[in-house]
Amino acid sequence: MKYTQGQYIITDKKAIACEIYSFTIACPEVAAAASPGQFVHIRAKGYTLRRPISICGIDKDKGTLRIVFEIRGEGTAEIAKLNKGDLIDMLAPLGHGFTLNDTYNKVVLIGGGIGTPPMLPLAAFYGKKAVAISGFRNASAVILQNDFIRTGAETILCTDDGSAGIHGFVTQPFTELAKQGGIDAVYACGPMPMLKGIAAICKENGIFCQISLEERMACGIGACLGCACRTVRNDEEYFAHVCKDGPVFNAEEVLW
Amino acid sequence: MADLSVKVCGTDFKNPIIPASGVFGYGREYEELFPLDKLGGIATKGTTLHLRTGNLAPRIAETPSGMLNSVGLQNPGIDHFIDTELPYLLTKNLVVLANIAGSTPDECAEVAAKLEDTDVHMIELNISCPNVKQGGAAFGTSCEMAAEVTKRVRAVTKKPLVVKLSPNVTSITDIAKSVEAAGADAVSLINTLLGMRIDINTGRPILRNNVGGMSGPAVFPIAVRMVWQVANAVNIPVIGMGGVSSGRDAIELMMAGASAIQVGAAIFTDPYAPVRIIEEMNDWLDSKGIASVKNIIGTVKPW
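Taken in order, these protein sequences are the chains called A and B.
Using the working numbering, you'd call the opening residue of the first sequence number 1 and step up by one each time.
Using the working numbering, you'd call the opening residue of the second sequence number 1 and step up by one each time.
A few of these clues could be false.
What the hints assert, rightly or not - In silico negatives: residues of chain A with every beta carbon more than 10 Å from chain B:
{"hint": "1", "residue": "A80"}
{"hint": "2", "residue": "G85"}
{"hint": "3", "residue": "D161"}
{"hint": "4", "residue": "G165"}
{"hint": "5", "residue": "A200"}
{"hint": "6", "residue": "C219"}
{"hint": "7", "residue": "C227"}
Unchecked claim - Listed next, the in silico DSS-like pairs over lysine-lysine satisfying Cα-Cα at most 27 Å (straight line):
{"hint": "8", "chain 1": "A", "residue 1": "K13", "chain 2": "A", "residue 2": "K62"}
{"hint": "9", "chain 1": "B", "residue 1": "K92", "chain 2": "B", "residue 2": "K114"}
{"hint": "10", "chain 1": "A", "residue 1": "K106", "chain 2": "A", "residue 2": "K84"}
{"hint": "11", "chain 1": "A", "residue 1": "K244", "chain 2": "B", "residue 2": "K133"}
{"hint": "12", "chain 1": "B", "residue 1": "K151", "chain 2": "A", "residue 2": "K2"}
{"hint": "13", "chain 1": "B", "residue 1": "K133", "chain 2": "B", "residue 2": "K114"}
{"hint": "14", "chain 1": "B", "residue 1": "K92", "chain 2": "A", "residue 2": "K2"}
{"hint": "15", "chain 1": "B", "residue 1": "K38", "chain 2": "A", "residue 2": "K244"}
{"hint": "16", "chain 1": "A", "residue 1": "K129", "chain 2": "A", "residue 2": "K106"}
{"hint": "17", "chain 1": "B", "residue 1": "K151", "chain 2": "B", "residue 2": "K7"}
{"hint": "18", "chain 1": "A", "residue 1": "K203", "chain 2": "A", "residue 2": "K106"}
If you're looking for bench data, these hints aren't it; they were derived computationally from the structure.
The model shown is predicted, which means the values in this text are computed figures rather than measured ones.
Note that beta-carbon positions come from the ideal geometry of N, C-alpha and C, so glycine has one too.
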C-alpha cells in the first residue's frame with residue numbers, strides 16, 4: 001500500500017499551546033506505511049478541500065500516528081473541533097519524506113513554529129545523533145521540547161522575543177554548529193525566510209540539507225498539479241509538486 | 001441492479017460517470033485507491049502541443065462550498081500523452097476522452113491530428129483557454145472563435161468530437177449552437193466560472209494568477225440551468241458537469257438533459273466520489289424501479 005483513505009478513531013487529543021492541537025490516531029495500515037516527512041490529508045466537515053498536516057509521530061507497534069497542527073483558518077478550526085473517540089477522515093500517508101541514513105553520526109533538525117512537528121520523527125530515528133533546534137515567536141508558543149528530549153536528541157530553543165531560550169532566530173545557533181563542522185545532514189521545516197537562510201548556510205558549508213515545504217493543495221496525490229513549486233532538476237527548471245515530489249526536497253533543488 | 005450504461009456519439013459507456021479533466025491527471029494516482037475500470041470513462045488532463053509549466057503558486061483556494069484553481073494547463077505535451085499515458089489508459093476498459101487545448105486554432109488542430117492515429121475513443125476540446133491570436137480572449141467566449149476552432153479540429157479528426165463550453169458567456173446556447181453547426185458531435189459543460197479571492201490581511205489575491213476557475217457544489221445550480229438550456233437548444237448529446245458530488249446530483253443533471261456526467265472538485269473532498277456516485281445512482285434507480293439510467297435523460301417536466 002502506498003496510501004489509502006478512511007475514517008480512523010482519534011485516541012487522544014491535547015491542546016499543547018494556544019490554538020495548537022495534538023491528535024493521536026489509531027490507523028495501523030497508515031502507520032505501517034508512513035515515514036518521517038510524509039503528511040496526512042484531512043477532510044474538514046463542510047469544506048471542499050482537505051487540509052494537509054505533517055506527521056509528528058509514527059508508532060508502528062501501536063499502529064498509531066500523531067499529528068500536531070495549528071488553527072490557521074476555518075478548515076483547521078473545524079478539524080480542531082474533533083474530539084477523542086471521534087472519527088477523522090484521512091487520505092494518507094502522502095508525499096515524499098526525508099532521506100534517512102543510519103550511518104550518519106550527527107544531524108541537525110531545525111523547526112520553526114508549526115514547522116517543528118515533522119522534526120520529531122527524525123529525532124526518534126536519530127536519537128542522540130540529533131541536535132534539534134526549535135524556534136518560536138515567544139514562550140507561550142513553544143511546543144514539543146520534552147518530546148525531543150525523550151528521544152535523546154540535544155535540544156536548542158530560540159524565541160523571537162527572548163521569553164524562552166536563546167533570544168533570536170534558529171539560524172544563530174545553527175551558524176555556530178555549522179562552523180564547528182561534522183554535520184552529515186540538516187533537515188528543516190518552517191517559514192520560507194528561515195528555510196532560505198538555512199539552505200544558504202548549508203550551501204556555504206557544503207552540508208546536505210533537506211527541507212519540507214507547504215503549499216495550498218487540492219488532491220494531495222499528484223493528480224491535479226495544484227501545489228506547484230519551482231525547482232531545478234538536471235539543470236532544467238521544473239515545476240515540482242509539493243504533494244507528490246515533496247513535501248521534502250533537497251534544498252539545492254528549490255528555486256527560492 | 002439498474003442498467004447504468006449510456007451511449008454518447010455512438011460510444012458505449014458502462015456507466016455515465018467520468019472524472020473531469022484536470023482533477024484526475026491521467027488516472028494513475030487514483031488507481032492506488034480503486035480500479036479505474038469501475039469508471040464509465042476518464043477525461044484526461046488538458047494536453048497541449050508542447051509541455052507547459054503552468055502558473056506560479058498558489059494555484060488553489062477554498063471558497064464557500066467550492067474552490068478556485070489556476071493551474072495554467074501544466075501538462076507534459078501531446079507526444080508524452082500518446083507515448084506514455086494513453087497506452088496505459090487503453091488497457092483499463094473505460095472510455096478515454098483526450099482533453100486537448102491550445103493557444104491558437106492551429107495548435108488545437110495539430111494536437112487533434114496527432115491523436116487521429118491512436119486508439120483514443122473521443123476528443124474533448126477545451127475552448128476556455130485564451131486565444132493568443134485574438135488578444136487573449138477565450139475561444140469559448142465568442143460564437144465566431146468557438147466555431148473557428150471547432151471547424152479546424154473537425155477537419156483533422158474523425159473521432160467523436162466533444163467541445164467543452166465555458167459558462168463565462170452571455171448566452172451559452174448561442175455558443176453551443178455555433179459549435180454544433182461547426183461540426184461538434186457533442187458538447188460538455190460547464191467548465192469553471194471565473195472567480196477571485198483576496199487575502200484582506202495582505203491585500204493580495206490568494207491566487208498568484210489573481211483570478212481562477214471556480215468549481216464545487218456552489219456552481220451546481222448553474223450547471224443544471226445551463227445543461228437544461230443547452231440540451232433544449234441543440235440536437236447533439238450533452239455531457240454535464242459542474243459541482244456534482246452525489247448520485248442525486250448526477251440524476252438531477254441527467255434529468256436536465258445530460259447523457260453522461262463528469263465529476264470534478266468532489267474528488268478532492270472524497271477521492272472515491274466517482275465510485276460512490278455510481279453506486280448511489282444505481283440505488284436511487286432501483287428504489288424508483290427505473291430499469292435504465294437512459295430513461296431519465298432529459299425527463300425534467302418544466303413548469
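Verification of the hints:
Annotated as non-interface, A80(A) keeps its C-beta farther than 10 Å from every C-beta of chain B; the closest such distance is 16 Å. For G85(A), the non-interface assignment is confirmed: its Cβ lies about 23 Å from the closest Cβ of chain B, beyond the 10 Å cut-off. With a cut of 10 Å on Cβ distances, D161(A) stays outside the contact zone with chain B, its closest approach being about 21 Å. Remark: the non-interface label on G165(A) is consistent with the geometry, its nearest Cβ contact in chain B lying 29 Å away (cut-off 10 Å).
No beta-carbon of chain B comes within 10 Å of the beta-carbon of A200(A); the shortest separation is about 22 Å. Non-interface call for C219(A) relative to chain B: violated, since the shortest CB-CB distance, roughly 6 Å, does not exceed 10 Å. In this structure C227(A) is not separated from chain B by more than 10 Å, as the shortest Cβ-Cβ distance comes to only about 7 Å. At most 27 Å may separate the alpha-carbon atoms for a hinted pair to count; K13(A) and K62(A) meet this at roughly 16 Å.
Between K92(B) and K114(B) the alpha-carbon distance is near 22 Å, which keeps this suggested pair within the 27 Å criterion. Note on K106(A) and K84(A): the hinted pairing is violated, with a Cα-Cα distance of about 37 Å set against a maximum of 27 Å. Pair hint K244(A) plus K133(B) does not hold up; C-alpha atoms about 36 Å apart against a cutoff of 27 Å. With a CA separation close to 45 Å, the supplied pair K151(B) and K2(A) exceeds the 27 Å bound.
Our distance criterion of 27 Å between C-alpha atoms is met by K133(B) and K114(B), whose separation comes to about 22 Å. Taking the CA atoms of K92(B) and K2(A), the gap is near 20 Å; set against the 27 Å cutoff, the hint holds. A hinted pair counts as satisfied when its Cα atoms are at most 27 Å apart, and K38(B) with K244(A) qualifies at roughly 25 Å. Annotation: proposed proximity of K129(A) to K106(A) holds, straight-line Cα distance about 5 Å (limit 27 Å).
Simply put, K151(B) and K7(B) have alpha-carbon atoms about 24 Å apart, close enough for the 27 Å limit, and the pair holds. A hinted pair counts as satisfied when its Cα atoms are at most 27 Å apart, and K203(A) with K106(A) qualifies at roughly 17 Å.
Hints 6, 7, 10, 11, 12, counting from the list given before, are not met by this structure.
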